[in-house]
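Novice: Residue strings, one per chain:
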Amino acid sequence: MGYSIKDYIRKRFFPHIWCPGCGHGIILNNMLRAIAELGISKNEIVMVSGIGCSSRISGYVDFHSLHTLHGRALAFATGVKLSRPNLYVIVPMGDGDALAIGGNHFIHACRRNIDLTAIVMNNRIYGMTGGQFSPLSGKEIKATTAPYSNVDPSFDTVNLAIAAGATFVARTTTYHFNEIKEYIKKAITHKGFSVVEILTQCPTHFGRRNNLGGPVDMLKFFRDNTALLGSKKIKQNPDLIPRGIFVEKQLPEYTEEYERIKKRVKQK
Amino acid sequence: MKNKQLKFMQGNEVCAEAALYAGLEFFAGYPITPSSEILEYMAKRLPELGGCFIQMEDEIASMCAIIGASLTGRKSMTATSGPGFSLMQEALGFAIMAEIPCVVVDIQRFGPSTGLPTQGAQQDVYQARWGRHGDHSIIVLTASNHQDVFYITVDAFNLSETYRVPVILLFDEIIAHLREKVIFPEPGEIPVIERLRTSVPEGVDYHPYLPREDGRLPMSDFGGKHRYNVTGLFHDMWGFPTTDPKIVHGLLHHLVDKIEVNVNDIARTKEYYLDDAEVILISYGSSARTALHTVRSKRRKGERWGLLELNTLWPFPRSIVREKCEDADYIFVVEMNMGQTVNEVKKCVDYPERVYLVNRVDGIFITPTDVKNITRLIMGRGV
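Top line first, the protein sequences correspond to chains A and B.
Heads up: the first sequence at position 40 corresponds to 39 in numbering that gives the first Met the number 0, and the numbers run straight through without jumps.
Heads up: the second sequence at position 273 corresponds to 272 in numbering that gives the first Met the number 0, and the numbers run straight through without jumps.
Keep in mind the hints are simulated off the structure, nothing from the lab.
Not one of these hints is a red herring.
A partial selection of chain A residues facing chain B, derived with a Cβ cut-off under 8 Å: (1) H63; (2) A74; (3) R83; (4) N103.
Chain A regions said to be covered by chain B (calculated; three or more residues, Cβ under 8 Å): (5) 34–47; (6) 53–61; (7) 259–265.
For every residue, glycine included, the Cβ atom is placed at its ideal position computed from N, Cα and C.
Let's have the full structure, built from the sequences with the hints guiding it.
Specialist: Now the structure itself:
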């Protein structure tokens, strides 16, 4: 393909901290492949992350990288993007990071339709702190803070993003290797706020506590329990988790609109 | 008067204009009384000047956004008041750790909690200094009149760039909403310090956190030729996380020492009638106006009173306060809180038993009559 993943990582910073069998490496790999295939210069990319297992991703990549506070990555990213609209700003987040502590920033970034690429790496658990349930765990899941099974209902990331106004919304899983790359490519080139939710496995905490087997079993679960939008499989079984691109539309983008205001004010 | 630069303005507006004079290009904020006029002023002025303004979803996001913008090379600021300032503390800690220049205005209102939102106070002196967890140092400036609000706001940006630290402008509601005369300096009349950027060429290893011989850290803009990591974790000279005790020890000392060692460079104070003063008032912000009024009326009666006004609150100008108070019989600290700065004065003077708090904490601005009555009581002269 004319590129090497090694050109996009900071070798000095490896090995990474992720557990054996973790899905985050699959996402990192495909995110870098997407960027390489788009041919974007490394100097034009800013990766902003929060706190958690997923957020360590920003340190491993050879871009401008900003490893911030728990839940606040999108707020930092908004400052970067509005200040320098020419930059590509990619924001990988975990499920708790994006939708618990960061939920307010998430819906407002969607509403603004600011040209950021949000990647929600959803493993349905707080991994780094030891396996507490997240707002994406869902009922009846077991976690260190739900030892008798969870009574806390979950969000649907895709529906939330659509309702809040995101103009590109997609979902896939770490089993669907090529979809990750294709959706991230589309999300990065999309003008406006884009959300890619990627279901990923945490065998250490989520899998172990819920008797889901090892990483391979968890990947097979993604294969067997999800289906592409509009596919025969999902028509036959509407209870499957849908994958695919749910929304892709063009609406005025925040930084472009602000530039228009600036031009109008200056002409006066 | 034909001076075009002569204005009659509100303190909040003066602060906003001074920030623009200092080269502000990015403002993010969230409405809160009594600081909202700064937000509104920026919404109007920044697009006219080609800068960026954004109203964020809360104060946390505002603080985060200005840090992000500052990393791209723009001078950045936010403005808030007590409750919003509390929300900004975590991100302020991040800016301290990652050494990102930015300016935060806290227009103090009466607290705690929602308190008295439209009434002045000086109760955030300790929050400004110690609002974050962990050891650190920070610069906190204030002013008592609009001319000084202008100068100290420009100074805030200059110090923030010089020391790569957030600078807090700790004004109060009374100064913020007061309207008075101010003369704007001409462009170039007072110094504006630009960001120190690295001269390391592209392709050569740039160490964002390796200080030069003079202790300063040249920056490289995000989106520029050097790609590096910025984190709130303890980090090495590349910005990569580390737990190496030697590096951790060195970084923590660097964060504190770069401010504390330079306390005299950062100290800004004003002296009124101190040369022969037997009674010294120490004050800052709006209460310094009351203190000055009191001192002048005492002088008219031939009493040897003087005022030391503090424009730098943190790092606390210890040696100046100690030296000026050496020969005083009484040292009265006039402030609108239950006693914050007074503790710092007691710590640094030779005779702490001569230091007294003169305060008012009922939401009403402290008057010269208050100061006269309280000091008479303390000095045993009856009411």
